[in-house]
Amino acid sequence: MLNREELLKCIWHAFTALDVDHRGKVSKSHLKVLSVNLCAVMKIPFDPCELEKHFIDKEPGPLSNQGYMPYLSNYILNKVQEDNMDILELFRFCWASCYKRNLSIPHLNISHDDAFKVWCIFNLLSEHKYPLYIVTQEIEYLLKMLTDAMGGIWSDGDFAEHRLQSNFHKSFLTVWELIELVGMRFFKDKSSQTLSTAVNEVFEELILGLLKQGYMVKRCHVKGKTWTEFWFVLRPNSLEYYVSEDLMDIKGMIVIDNNCTVESLPDKDGRSCVLSIKSGATSFEISASDKMKKKEWIRAIEKCIQIQKLGLLPPQRQARDERRDQRRRRQEAEDELEERIRTLQANSESKQRKLEDLEKRVEAVFLDDERRMRFYSLDLERENMEHLEGEEQVDQKSPELEHYFHRVKELEDTYHRLQEVLEDERQTRRDQEAMTELQTRLLQEEALRRAELEQQHLQQQRALSQSQKQRQELEAQMLDKERRLQEATQQLERLERQRGRAGQDHEDVSRRLELVANKRNKNRMTTSFEGLLRLIEPGPKGPLIITNWGPASFTEGELETRKKFWQKSRNWSAGSE
Numbered sequence: 003m004l005n006r007e008e009l010l011k012c013i014w015h016a017f018t019a020l021d022v023d024h025r026g027k028v029s030k031s032h033l034k035v036l037s038v039n040l041c042a043v044m045k046i047p048f049d050p051c052e053l054e055k056h057f058i059d060k061e062p063g064p065l066s067n068q069g070y071m072p073y074l075s076n077y078i079l080n081k082v083q084e085d086n087m088d089i090l091e092l093f094r095f096c097w098a099s100c101y102k103r104n105l106s107i108p109h110l111n112i113s114h115d116d117a118f119k120v121w122c123i124f125n126l127l128s129e130h131k132y133p134l135y136i137v138t139q140e141i142e143y144l145l146k147m148l149t150d151a152m153g154g155i156w157s158d159g160d161f162a163e164h165r166l167q168s169n170f171h172k173s174f175l176t177v178w179e180l181i182e183l184v185g186m187r188f189f190k191d192k193s194s195q196t197l198s199t200a201v202n203e204v205f206e207e208l209i210l211g212l213l214k215q216g217y218m219v220k221r222c223h224v225k226g227k228t229w230t231e232f233w234f235v236l237r238p239n240s241l242e243y244y245v246s247e248d249l250m251d252i253k254g255m256i257v258i259d260n261n262c263t264v265e266s267l268p269d270k271d272g273r274s275c276v277l278s279i280k281s282g283a284t285s286f287e288i289s290a291s292d293k294m295k296k297k298e299w300i301r302a303i304e305k306c307i308q309i310q311k312l313g314l315l316p317p318q319r320q321a322r323d324e325r326r327d328q329r330r331r332r333q334e335a336e337d338e339l340e341e342r343i344r345t346l347q348a349n350s351e352s353k354q355r356k357l358e359d360l361e362k363r364v365e366a367v368f369l370d371d372e373r374r375m376r377f378y379s380l381d382l383e384r385e386n387m388e389h390l391e392g393e394e395q396v397d398q399k400s401p402e403l404e405h406y407f408h409r410v411k412e413l414e415d416t417y418h419r420l421q422e423v424l425e426d427e428r429q430t431r432r433d434q435e436a437m438t439e440l441q442t443r444l445l446q447e448e449a450l451r452r453a454e455l456e457q458q459h460l461q462q463q464r465a466l467s468q469s470q471k472q473r474q475e476l477e478a479q480m481l482d483k484e485r486r487l488q489e490a491t492q493q494l495e496r497l498e499r500q501r502g503r504a505g506q507d508h509e510d511v512s513r514r515l516e517l518v519a520n521k522r523n524k525n526r527m528t529t530s531f532e533g534l535l536r537l538i539e540p541g542p543k544g545p546l547i548i549t550n551w552g553p554a555s556f557t558e559g560e561l562e563t564r565k566k567f568w569q570k571s572r573n574w575s576a577g578s579e
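One rule links them: number in this note's numbering = place in the sequence shown (from 1) + 2.
Source of the hints: derived by calculation from the structure; they are not laboratory data.
Mixed in with the good hints, there may be bad ones.
[Stated by the list, open to error] Simulated crosslink set (SDA-like; lysine to any residue; CA at most 20 Å straight-line): (1) Lys220 to Arg273; (2) Lys296 to Ala478; (3) Lys295 to Thr263.
Between the sequences and the hints, there should be enough to build the whole structure, so can you do that?
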């Protein structure tokens, strides 16, 4: 499913590339060209009347006051059809529109295509705020994935050490700074080929959504139920199979929905590690290379079926959203803590001001009473010195003096009580400050524990990935040994068959030689006794030859013929020997 935020992000790069003087304004002609190209890439019709209707210039300037993003959302993105659009083609168009003005490719350790893939990954992991940026947590996540893809071991101190060495203290990066970090600084000791392979692997996982891929053998019912090897690619909603790893020639696709099922099958037709996938009314039989691969494929397909049943996002995007929610909750907790601290500080300052005002009022009352008492004492002394008339006057003044001293004592008691109240208020304020410090320390400790738990989780994931890689290496070694053993067995069988054929040929040659030898011996015996044999034939009409033994039984011409035959036989025997 197309994400509008991701589409807006890549189009934002193309839009800002048209802002040559960085004033945030682009001319209408440039916007029209951009809109026409976007409609062509997204395969939707372009209506110039809608553009003119939206951008009505009421004031002079390079851009109308309605804005381009509302037009883009209402008249372009609302018409996009997911089945009719190639998202990578849109990404490449927006990349071609912006990279030349912002990036120097020759200075990087990666190719133009790899820089484009890092740009796509940035759009996926960046925050939904403009101008776009990527935070430190997502940067470490990407660098960790690249390190794991290159077979390295990630250490949490690597990135911090790199930041110290390069004097890099920013908590976020732009897309061009991220490309330079990946292509020039962080992996500068890695080869271009290794880094390119890692970037491509992370791009396939995060952007293309490839959950698992590898060679398996599929049973083809249309070709006499033969087994054929294909390169399988698992996505959240489909299992595609290609002729080879280059993904150029697709041979078919198995749709994975909430009605799809996968199960393990027993060995059949000489094939082991067989699994069956039922999608709709069609059943597919696939054979993995070993039992471990079979279990991994079954688990991965079951996870995709679960995602389809629950209507969840792909695992990569789901993990990204969880990290964003975690950052948002942490930021909300920090903001809440800061707000509580500000509230407590404001309350403490308000109470401090009230206490200061109360102290000032008490001090003013006490000073006023003290001044009155002093004036009254002076008047009393003066009256006593001037008008001392006897004991009756003194008795009349004594109740007034007692009343005055009683009033002074009450004021002193009131002052002491106020001092106690002020001290209690100060103690309460100190307790509140101590409680605030304790809450702050507890929140900091909780943040540290959360960070430690996240660190432990990352270490567990790293250890798990390392063990998986070691297991994969051991499986690869076992497969290599099995393949070599099979090759040696096949070669031994071929040698045995060749030896059997050589023995058969040797026996045939021996029989033929024996026949030739027997024939040769027979010819020799025939030649030795041929002079002693004589055929009984009718006698010739011509004169007979007279030998020492009497008349011969053959003529003179026959004698010449037999001489020639005997001579040829001797010559052949001499040549054979």
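Hint by hint, here is what the structure shows:
no.	hint	in the structure
1	Lys220 to Arg273	holds, 11 Å
2	Lys296 to Ala478	holds, 15 Å
3	Lys295 to Thr263	holds, 18 Å
Of the numbered hints stated above, none is contradicted by the structure.
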